[in-house]
Amino acid sequence: MLQVDAELLRELHARDFEIAVETNGTLDVPDAVDWICVSPKAGAPLRQLSGNELKVVVPQDGQNLDALVELSFDLHLLQPMDGPLRRENTQRAIEVCLRDPRWRLSTQTHKTLGIR
Numbered sequence: 001m002l003q004v005d006a007e008l009l010r011e012l013h014a015r016d017f018e019i020a021v022e023t024n025g026t027l028d029v030p031d032a033v034d035w036i037c038v039s040p041k042a043g044a045p046l047r048q049l050s051g052n053e054l055k056v057v058v059p060q061d062g063q064n065l066d067a068l069v070e071l072s073f074d075l076h077l078l079q080p081m082d083g084p085l086r087r088e089n090t091q092r093a094i095e096v097c098l099r100d101p102r103w104r105l106s107t108q109t110h111k112t113l114g115i116r
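My numbering puts the first residue of the sequence shown at 1, with every later residue one more than the last.
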């Protein structure tokens with residue numbers, strides 16, 4: 001975590017802030033972070049193997065959803081990739097969620113509604 005250090009986290013907690021971080025997981029997240037969301041990128045080394053949310057954008061070449069769902073996260077979320085194939089990507093994510101209920105569908109409602 002390049003921008004987060006122990007002193008900053010201490011000061012924020014001292015002022016009653018809760019700290020949430022979304023990361024690609026290539027660096028370890030400090031223990032003082034209260035909520036960890038990891039959104040890994042296929043092919044990148046994954047070091048942060050636990051947390052509150054694992055949010056996986058689908059599809060990505062080289063992605064192993066069977067291995068990712070076994071990681072120690074409270075929530076396992078699939079988010080369809082936006083773009084010209086958004087409808088197909090959403091259907092693919094739904095199919096995975098129906099096959100394996102450990103996965104939950106996560107959509108970007110503003111994009112579905114056409115709000116940019």
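Since the hints were made in silico from the structure, they are not lab data. It is possible that part of the hints are untrue.
[As the list claims (entries may be wrong)] Label pairs and their calculated CB-CB ranges: (1) 13 to 83: 16 to 24 angstroms; (2) 43 to 82: 17 to 25 angstroms; (3) 28 to 95: 32 to 40 angstroms; (4) 24 to 107: 33 to 41 angstroms; (5) 7 to 102: 17 to 25 angstroms; (6) 88 to 8: 37 to 45 angstroms; (7) 11 to 108: 27 to 35 angstroms.
Where is the CB? At the ideal position from N, CA and C, for every residue including glycine.
Against the structure, the hints:
1. Residue 13 and residue 83 have their C-beta atoms about 39 angstroms apart, which leaves the hinted 16 to 24 angstroms range violated.
2. For residue 43 and residue 82, the hinted distance range of 17 to 25 angstroms is satisfied, since their beta carbons lie about 20 angstroms from each other.
3. At about 33 angstroms, the beta-carbon gap between residue 28 and residue 95 stays in the expected band of 32 to 40 angstroms.
4. For residue 24 and residue 107, the Cβ-Cβ distance of about 20 angstroms falls outside the hinted range of 33 to 41 angstroms, so the restraint is violated.
5. With their beta carbons about 37 angstroms apart, residue 7 and residue 102 fall outside the hinted range of 17 to 25 angstroms.
6. Take residue 88 and residue 8: their Cβ atoms lie about 42 angstroms apart, and the range 37 to 45 angstroms holds.
7. Taking 27 to 35 angstroms as the suggested C-beta distance range, the pair residue 11 and residue 108 conforms, at roughly 33 angstroms.
Consistency with the previously given hints fails for numbers 1, 4, 5, ordered from lowest to highest.
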